[in-house]
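Enquirer: Here is how the chains run, residue by residue.
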Amino acid sequence: MRLPTWLAQHLAALRALLVFTVLLGLAYPLAMVAVGRIPGLDGKADGSLVSVAGRNVGSSLIGQSFTDGDGNPVPRYFQSRPSAAGYDPTATAASNLGPESVVDTIASTPDDSKQSLLTQVCARSRAIGEFDGVDGRRPYCTTDGVGAVLAVFRTDGLTGRITRVVSVNQVAPATPFLGSYQGVPVELAQPGHDYVAEGGVVTPIRGDAPAEPAVPADAVTASASGLDPHISPAYAEIQVARVARERDADPAAVRRLVSAHTTGRALGFMGEPAVNVLELNLALDREFPTR
Amino acid sequence: MTMTTAGIVFLLSLVAALVAVHKPFGDYLYRVVSGTRQSRVERVVYRLVGVNPAAEQTWAVYARSVLAFSAVSILFLYGFQRLQNHLWLSLGFDPVVPHGAWNTAVSFVTNTNWQWYSGESTMGHLVQMAGLAVQNFVSASVGIAVAVALVRGFARSRAGELGNFWVDLTRITLRILLPIAVFGALALMIGGVVQNLSGGTDVTTLTGGSQTITGGPVASQEVIKQLGTNGGGYYNTNSAHPFENPTTWTNWLEIFLILVIPFSLPRVFGRMVGQHRQGYAIAAVMAILALASVTLTNVFELAGHGTVPQAVAAAMEGKDVRFGVSDSATFAAATTLTSTGAVNSFHDSYTALGGMMPMINMMLGEVAPGGVGSGLYGLLILAVVTVFVAGLMVGRTPEYLGKKIGSREIKLASLYFLITPALVLIGTAAAFATGNNSTALNVGPHGLSEVLYAFTSASNNNGSAFAGITVNTPWWNTALGLCMLLGRFLPIIFVLALAGSLARQKPAPASEGTLPTHRPLFVGMVVGVTVILVALTFLPALALGPLAEGL
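As they're listed, the protein sequences go chains X and V. Residue numbers for the first sequence follow the working numbering, so the first one is 58 and each next one is one higher. Residue numbers for the second sequence follow the working numbering, so the first one is 776 and each next one is one higher.
What the hints contain is simulated information worked out from the structure, not anything from laboratory work. Just so you know, these numbers come straight off a predicted model, no measurement behind them. For each residue, glycine too, the CB sits at the ideal point set by N, CA and C. There may be inaccurate statements among the hints.
Unchecked claim - Just some of the chain V residues that point at chain X, by a computed CB distance under 7 Å:
hint	residue
1	Y1010
2	P1084
3	E1092
Could you build the full structure based on these sequences and the hints that come with them?
Expert: Quick look at the structure:
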């Protein structure tokens, strides 16, 4: 019996797919799994697990939080970057918030409220500044750690006399970060209002914070992977004094450990220098154990 | 070395590597697609598939073979996902929801690899390696095969046939993709990419928290995902995930793998039509557009304009420390200049103009250098359009490589060009008309950018995203699935039809009136036509999204 052409063609297609599935979908990956059993390679193929006293404590490639049960940073450890995934490898994510995400949603119920990326950055910077004893101020941030953003209302929308100015990310009992804007007194925001929809023009205020803040960029931003195992050498540097104090160690000795766990650019030009936080903290526990 | 200098050297080293490799590798590709000697494995494959490797196909039969193979693949992948809970290594995951399974099946068969799901919480190891990763290979081979068929159309004279799809598919897969994948996977494993079948290792962290270290056959999939310009991540955060891209040098290698086949195909084109210089002209167009785009992306990201990047003092949101700003921007450009769509940083958090560049790269039709195969055939279509436009301007008969560009040819080329803009703009409009844009995470112009990016990415078979938008809804999965399907196979049909009609012609000898298509003038004209066509089509949409936000 001769099959119609279209049927024969689809049968050939099905046979081809099955052949390739066996070859490329089973034989090839399983052969590579077998290659991954080669001594020396097996540790990496299994996820670069690191252990202390025979117990796995993580992977040297996967970042983790060094916080206590309540989510507060543990001062004797170097801290990782913020993570949109909470360092959970089963739910990796980035924040995906855009460069002009500057207006918080402040609802009457806290659960429906949402911080803008700017306020997240400002809040982190302020918290790290206090924690590590450095200047936590940043451009476009208020001193109480939210985005310094005004909604400016004018008589004709975009033009005309200013009728009203609201600091959109600050609610009572805060004090407006600016007393007045072009002569008009600045009000605090009321929960439940959308000042942009009501016609206010979003106006971020730069302020007088230094352009290169003391708290480095990676310390206040969430990573791409949500699992970034690294911090910049600059972020490690501002943490040295605190960690040394907590461990009764010489800051110079802690600094030496930091550089020992810093990888430079591969071949001198690939990527950026980075400090592996988990490996650094493990080394600290070995060299300067706390009681 | 400053960050900027390191970024420049990084880029130059990639250029140098591609320049060094494209000739020998292109020559090897040429031998693969034009050779006739069969290996023992190939003979076994042909026997199992039941095809006669010596029989050639007309364009219509070739196209039907492509479509049959893809249709069967979509059905197979759909069923695979729906039944995964009954299969080995499912990690206890439920069957994938129907609209999601449809979207993913189309996504991987069309070389798009758009992902509405998180790999680590949706797909078992078996679906990933024996379902999705298989399509990473064969969808790439389909693209290269179609490009080769088009080039045969230019190269052949008074011929009815364009080659045999099954032979092309088999040879490209077994002689090009698989060997490189084996060595590439090994290199990635040395860098730290995982390759196991573990369901995850539970650990207690230093401060007493718990963490599950995930497993999977990742290295074997990561390499072909880049080499085949696919882009579907094993995990949600794709090539930013340290288990997919652990070091700064694996990052370099992955970008190189993305670009190596697309930049070597013009060499194959030159050899097949018997004039290397024609291949160089095409490569030059690709290189000019690509370098301009990579440079601009880097400039915008390093400048870090915008409120949040200024507050942070660097565009570091959504970027990992080891890659930094520059190498992330270079990856973003490479992945969208091709049809890859893998990401090592999150484009949604880029500066407004920095995030516009990946979108423009895709809107260019992904021709610089484009996806494997699809980049070459896309650019050849643009070259045909250019010849036609130039002919109109100076009153010369339009011809390319001795083949007349008559009314049938230019109709096919125009239809090819019109499909993706139509899908992008109609899709974006439909999302707003039906209120489905409300799933965007960001508001204002950035919300429009998220929707526009989604349709641009799907229709051009890229697969990257402004990932803030939630697309796991029946409407989004269905709409984007349709865009991917039509954005892949309608152009392929037109390309093959064009190839068929070119192959039938007898090449006319070059005359006084022939426009030389290997000179810088022609290169400049193709660049100009490409940029102008895209600008005319997409400027209004861009003005409402990234331009409104960034200027």
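Enquirer: Could you run down the list of hints and mark each one as holding or not?
Expert: Comparing the hints with the structure gives:
no., hint, result
1, Y1010, "holds, 5 Å"
2, P1084, "holds, 6 Å"
3, E1092, "holds, 4 Å"
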